[in-house]
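Single-letter residue listing:
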Amino acid sequence: MTAWEDLVTTALLGTDRRPPVTGGAGREAPEALLDEAAVATVRRRAGLCPAPAARRPEPAAEDPRPALPAAAARRLAMLLSGRPGTGTGGRRGTSPDLMELLPQWLAAANARGFAAPPQMLPALLDAARGRTDLRPAALAFAGPRALWLARLNQDWRFALRAAPGGGTTLPDPEDVEAIRQLWQEGLFAERVALLTALRARTPDAARELLAGTWATERAEDRLMFLDSLRTGLAGGDEPFLEQALSDRSRNVRTTAAELLSALPGSALAGRMAVRAGACVAVDHTGDGPVIAVEAPPECDAGMERDGVVAKPPAGRGERSWWLGQLVEATPLTAWSARLGGRTSGEIVALPVADGWQGELHAAWSRAAVRQRDADWARALLGAPAAPEAGGPGAVSLAERAKLLATLEGGERAGWVAGFIAAHGLSEAFQLLGVCPVPWSAPLGRAVVDALDIARDAGSYPWSFSGVMGLAERCLDPAEASRLDGLLAVPDEREDASPGAGGYWAEAFQRLVTTLRLRATMLAELEHAP
Amino acid sequence: MTQQGVRWSADQVLALASDAASRKAGSRLGAAGPWSGAGSCEEGTVWGLCKGSGSKPYQTIVDIAGPAGPAYKCSCPSRKFPCKHALGLLLLWAGEDDAVPTVAQAPDWAEQWIAGRRKRSEDKRPAGGGSSPAAADPEAARRRAEKRAERVTAGATELEQRLTDLLRGGLAAAEQARYGLWEETAARMVDAQAPGLAARVRELGAIPASGPGWPVRLLEECALLHLLDQGWLRRDRLPEGLAATVRSRIGLPASADGPPVRDRWLVLAQYDTVDVKLTTRRIWLHGAGTGRTALLLSYGAAGRAPELALPVGLALDAELSAYPGTGGHRAALGERFAAPAPLPLRPPGIPTARAAARYGEALREDPWLESVPVTLERVVPVPDGDSWQLADADSKLALPLTPAARSRPGLWQLVALSGGAPVTVFGECGHRGFTPLTAWAEGAGEAVPLC
Numbered sequence: 001m002t003a004w005e006d007l008v009t010t011a012l013l014g015t016d017r018r019p020p021v022t023g024g025a026g027r028e029a030p031e032a033l034l035d036e037a038a039v040a041t042v043r044r045r046a047g048l049c050p051a052p053a054a055r056r057p058e059p060a061a062e063d064p065r066p067a068l069p070a071a072a073a074r075r076l077a078m079l080l081s082g083r084p085g086t087g088t089g090g091r092r093g094t095s096p097d098l099m100e101l102l103p104q105w106l107a108a109a110n111a112r113g114f115a116a117p118p119q120m121l122p123a124l125l126d127a128a129r130g131r132t133d134l135r136p137a138a139l140a141f142a143g144p145r146a147l148w149l150a151r152l153n154q155d156w157r158f159a160l161r162a163a164p165g166g167g168t169t170l171p172d173p174e175d176v177e178a179i180r181q182l183w184q185e186g187l188f189a190e191r192v193a194l195l196t197a198l199r200a201r202t203p204d205a206a207r208e209l210l211a212g213t214w215a216t217e218r219a220e221d222r223l224m225f226l227d228s229l230r231t232g233l234a235g236g237d238e239p240f241l242e243q244a245l246s247d248r249s250r251n252v253r254t255t256a257a258e259l260l261s262a263l264p265g266s267a268l269a270g271r272m273a274v275r276a277g278a279c280v281a282v283d284h285t286g287d288g289p290v291i292a293v294e295a296p297p298e299c300d301a302g303m304e305r306d307g308v309v310a311k312p313p314a315g316r317g318e319r320s321w322w323l324g325q326l327v328e329a330t331p332l333t334a335w336s337a338r339l340g341g342r343t344s345g346e347i348v349a350l351p352v353a354d355g356w357q358g359e360l361h362a363a364w365s366r367a368a369v370r371q372r373d374a375d376w377a378r379a380l381l382g383a384p385a386a387p388e389a390g391g392p393g394a395v396s397l398a399e400r401a402k403l404l405a406t407l408e409g410g411e412r413a414g415w416v417a418g419f420i421a422a423h424g425l426s427e428a429f430q431l432l433g434v435c436p437v438p439w440s441a442p443l444g445r446a447v448v449d450a451l452d453i454a455r456d457a458g459s460y461p462w463s464f465s466g467v468m469g470l471a472e473r474c475l476d477p478a479e480a481s482r483l484d485g486l487l488a489v490p491d492e493r494e495d496a497s498p499g500a501g502g503y504w505a506e507a508f509q510r511l512v513t514t515l516r517l518r519a520t521m522l523a524e525l526e527h528a529p
Numbered sequence: 001m002t003q004q005g006v007r008w009s010a011d012q013v014l015a016l017a018s019d020a021a022s023r024k025a026g027s028r029l030g031a032a033g034p035w036s037g038a039g040s041c042e043e044g045t046v047w048g049l050c051k052g053s054g055s056k057p058y059q060t061i062v063d064i065a066g067p068a069g070p071a072y073k074c075s076c077p078s079r080k081f082p083c084k085h086a087l088g089l090l091l092l093w094a095g096e097d098d099a100v101p102t103v104a105q106a107p108d109w110a111e112q113w114i115a116g117r118r119k120r121s122e123d124k125r126p127a128g129g130g131s132s133p134a135a136a137d138p139e140a141a142r143r144r145a146e147k148r149a150e151r152v153t154a155g156a157t158e159l160e161q162r163l164t165d166l167l168r169g170g171l172a173a174a175e176q177a178r179y180g181l182w183e184e185t186a187a188r189m190v191d192a193q194a195p196g197l198a199a200r201v202r203e204l205g206a207i208p209a210s211g212p213g214w215p216v217r218l219l220e221e222c223a224l225l226h227l228l229d230q231g232w233l234r235r236d237r238l239p240e241g242l243a244a245t246v247r248s249r250i251g252l253p254a255s256a257d258g259p260p261v262r263d264r265w266l267v268l269a270q271y272d273t274v275d276v277k278l279t280t281r282r283i284w285l286h287g288a289g290t291g292r293t294a295l296l297l298s299y300g301a302a303g304r305a306p307e308l309a310l311p312v313g314l315a316l317d318a319e320l321s322a323y324p325g326t327g328g329h330r331a332a333l334g335e336r337f338a339a340p341a342p343l344p345l346r347p348p349g350i351p352t353a354r355a356a357a358r359y360g361e362a363l364r365e366d367p368w369l370e371s372v373p374v375t376l377e378r379v380v381p382v383p384d385g386d387s388w389q390l391a392d393a394d395s396k397l398a399l400p401l402t403p404a405a406r407s408r409p410g411l412w413q414l415v416a417l418s419g420g421a422p423v424t425v426f427g428e429c430g431h432r433g434f435t436p437l438t439a440w441a442e443g444a445g446e447a448v449p450l451c
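These protein sequences, in sequence, are chains A and B. 1 is the number of the first residue of the first sequence in my numbering; add one for each residue after it. 1 is the number of the first residue of the second sequence in my numbering; add one for each residue after it.
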């Protein structure tokens with residue numbers, strides 16, 4: 001026992017029970033103990049030495065991207081300090097919602113290829129932890145050092161899961177042997193990541209890799225692997241997919257059929273066209289041409305093999321269910337020849353007999369989305385100002401949003417602008433969500449005009465809070481000056497809701513402030529560091 | 001004569017906030033929307049009108065270059081200090097060049113306040129050098145000091161008695177003792193006008209609940225308290241420096257009577273410790289010319305930020321006067337010759353072994369010292385089980401981080417900044433380990449505050 005340990009023991013038990021061994025004459029035992037302990041304490045502290053170092057972590061991989069301009073780094077710090085949960089509930093006032101601008105800031109910084117300031121990585125990872133929608137952009141911006149950090153902190157493990165291959169680096173695309181080895185020995189997540197990455201670069205090589213081990217994979221794995229063939233799907237995949245049509249697992253068969261039907265030249269698409277063609281024809285017996293529909297009488301083994309699901313969901317007739325699947329999987333290009341050489345527009349305009357229009361048009365819409373056929377999508381969407389476009393027509397809002405997504409960006413925005421001009425904002429939220437950001441000038445103006453009309457109609461701004469929020473994030477900042485006229489508080493009219501004018505002025509002020517802030521934000525990223 | 005200099009960074013502005021809620025509220029006002037008529041002038045004043053919920057906008061003014069740190073004035077009813085409007089205004093000023101233009105003439109409402117402040121500070125200046133009220137009657141002051149010394153002596157003697165009683169019965173019994181026993185003793189020390197003793201006694205009460213190894217820590221602290229008591233009772237036999245340290249550790253007032261040293265003082269770190277009644281702000285400075293390290297203390301009542309605020313990375317051209325005792329680090333801020341401006345300077349660093357030795361040497365002057373300010377050069381943060389170390393890049397030695405430093409978010413900023421590579425770290429090195437306060441990445445880069 002060292003002298004110090006001896007002192008501690010004595011102190012613990014008390015000098016009455018354990019008189020100290022040493023101790024000067026003329027002093028009481030406790031006092032002598034305290035004297036000695038004081039000397040020992042100062043001596044112990046003065047003699048402290050550094051400890052042997054623990055094993056050092058491997059340094060983080062180099063981030064070759066250039067550093068952020070100083071102003072942009074400050075902006076990021078400010079956006080991150082707005083976390084968490086700002087703008088939840090209640091009136092939002094006139095100041096911008098900083099957290100909502102973070103995704104845009106990240107996208108802009110990523111587009112310019114800047115590196116994240118390392119000391120902000122913890123705040124960035126915390127933000128991404130709380131909001132899954134932020135993760136892809138935040139992790140891309142955070143770069144290799146964030147993954148390095150995530151290995152040291154349990155709270156940030158999500159970053160490793162989100163990163164391809166669980167954070168391990170994928171082999172070089174040229175290194176055939178390493179790829180083969182990882183494919184044969186890797187964990188499931190690593191193999192999916194490998195296949196996805198390979199498919200994006202060399203689609204044929206990825207398919208061949210998969211085909212090599214196909215027979216030995218488990219059913220769930222086969223489904224996941226098959227799904228990754230969606231990227232870069234081409235005619236060369238057909239033989240493999242045809243073979244998968246006779247797979248043991250029904251889900252694998254269905255997915256293979258779906259992929260094949262997206263290849264208009266495939267044999268499966270041809271078979272489906274024949275089946276669908278037998279059900280749909282132009283009938284000239286009446287006053288004018290009418291589309292007559294005769295739904296398939298049965299679902300035979302051939303249909304089932306080609307991915308048609310025989311049993312309809314509850315509440316649907318089985319014949320219309322089968323028809324929908326046949327039309328959906330038929331190449332849209334086949335219809336012109338089948339229906340008298342008409343264009344897509346003419347076909348959609350034809351009346352449909354016996355109330356089959358809803359079923360038929362919905363199936364064509366699904367086909368247009370699956371085959372990414374802009375021509376048919378345009379025909380099915382119709383004119384944006386048409387009266388039936390506003391109401392619950394044959395094609396639902398969600399399906400229309402999907403159809404819009406097949407159009408090119410400018411045309412998409414133009415259609416939505418026309419829609420808003422004719423029908424107002426109440427149905428527009430979902431459609432606005434598929435328009436490219438920042439909104440084109442005609443679309444932006446249509447939204448602002450519609451908001452102005454809504455204000456004049458005397459409603460409260462929070463009835464439009466969804467569109468307002470979108471406008472804050474998506475309007476082109478160059479439009480800010482056009483909004484100046486809307487900032488004033490108008491005189492209250494008799495028929496208006498009490499106080500609405502002030503709230504609208506506040507909402508528009510926030511809109512303008514946010515637009516200005518976005519313009520500044522982007523300008524800061526343009527500065528040379 | 002003050003110049004506005006370079007605008008501050010958002011971090012530096014947010015460091016002025018008294019709490020997290022203010023920081024958040026201020027951030028949301030740091031954009032052009034609610035502001036109108038904002039401007040700033042060369043002398044370092046920023047003003048603006050902020051639209052609030054009422055019909056009349058709030059008038060907000062901040063004087064960045066005040067002799068005792070920024071001064072604020074706002075017509076809002078908030079009791080936070082600085083209020084969110086002042087923070088928002090400064091963020092606006094820090095963030096966008098065109099949002100707060102520099103103009104020659106402030107509007108009338110701002111000019112009045114600026115002129116009033118200038119007048120007051122000029123009134124004060126000649127008075128400061130002359131006679132203070134205490135010096136007016138040296139005889140009375142001496143009597144008061146004697147009276148207080150008697151009280152402290154009585155308190156120290158009583159405390160010695162309590163300590164010997166404690167050790168006679170054993171520390172094991174203290175584990176069961178109520179916390180109230182220590183509180184009562186602490187209150188007796190407050191009555192004895194020895195706040196330094198009171199604070200130490202209060203801390204003794206918390207040790208038995210502080211986890212494994214508490215008997216060692218309790219004995220250490222009892223022994224050091226005993227040493228302080230004895231130092232006071234025999235202060236007339238101590239060398240002058242040590243006697244001053246004892247007086248300061250007891251908590252007797254002292255004046256910063258060291259000769260004023262003018263330098264460009266780089267702000268290394270600023271952090272607050274919050275008590276029930278008091279917020280204490282510590283600001284570490286590094287003299288660019290003298291190479292000295294100095295500590296400024298500033299206090300605020302509970303819930304209010306201490307008035308002195310100096311953002312990390314700025315340097316101020318000013319005079320400092322040292323307080324006597326306690327290693328000579330503590331100083332008072334004298335005249336400031338210019339507003340703080342960024343200074344891309346790093347204090348020279350040392351390896352870990354030198355840092356530990358420096359703490360040992362400092363104990364000679366002040367055996368009660370918890371830690372010394374140190375800049376470590378080329379160290380790597382290294383995980384060590386549940387804890388962390390700062391390991392020399394060029395040797396096999398490392399300093400452990402203090403338990404408090406392990407649980408702070410600043411740890412992760414430090415780890416992120418390093419990425420496994422060597423960094424320069426300023427912090428406090430003591431017997432419980434190293435507390436990192438500010439770090440610099442290798443090569444170029446600004447100071448990153450970790451607290």
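Just so you know, the hints here were simulated from the structure itself, not pulled from any lab data. Errors might be hidden in some of the hints.
Unchecked claim - Per the computed footprint, the stretches of chain A lying under chain B, defined by three or more beta-carbons under 8 angstroms from a beta-carbon of chain B, are:
| # | stretch |
| --- | --- |
| 1 | 9 to 15 |
| 2 | 44 to 55 |
| 3 | 117 to 127 |
| 4 | 298 to 309 |
As the list claims (entries may be wrong) - In silico EDC-like cross-links for lysine to aspartate or glutamate, where the CA-CA straight-line distance does not exceed 20 angstroms:
| # | chain 1 | residue 1 | chain 2 | residue 2 |
| --- | --- | --- | --- | --- |
| 5 | B | K51 | A | D97 |
| 6 | B | K277 | B | E184 |
| 7 | B | K396 | A | E58 |
| 8 | B | K24 | A | D97 |
| 9 | B | K24 | A | E58 |
The model shown is predicted, which means the values in this text are computed figures rather than measured ones. The beta-carbon is built from N, C-alpha and C at its ideal position, and this holds for glycine as well.
Status of each hint after checking the structure:
no. : hint              : result
1   : 9 to 15           : holds (count 5)
2   : 44 to 55          : holds (count 12)
3   : 117 to 127        : holds (count 5)
4   : 298 to 309        : violated (count 0)
5   : B:K51 <-> A:D97   : 17 angstroms, holds
6   : B:K277 <-> B:E184 : 17 angstroms, holds
7   : B:K396 <-> A:E58  : 16 angstroms, holds
8   : B:K24 <-> A:D97   : 12 angstroms, holds
9   : B:K24 <-> A:E58   : 37 angstroms, violated
When the structure is compared with the earlier hints, violations turn up for hints 4 and 9 and for no others.
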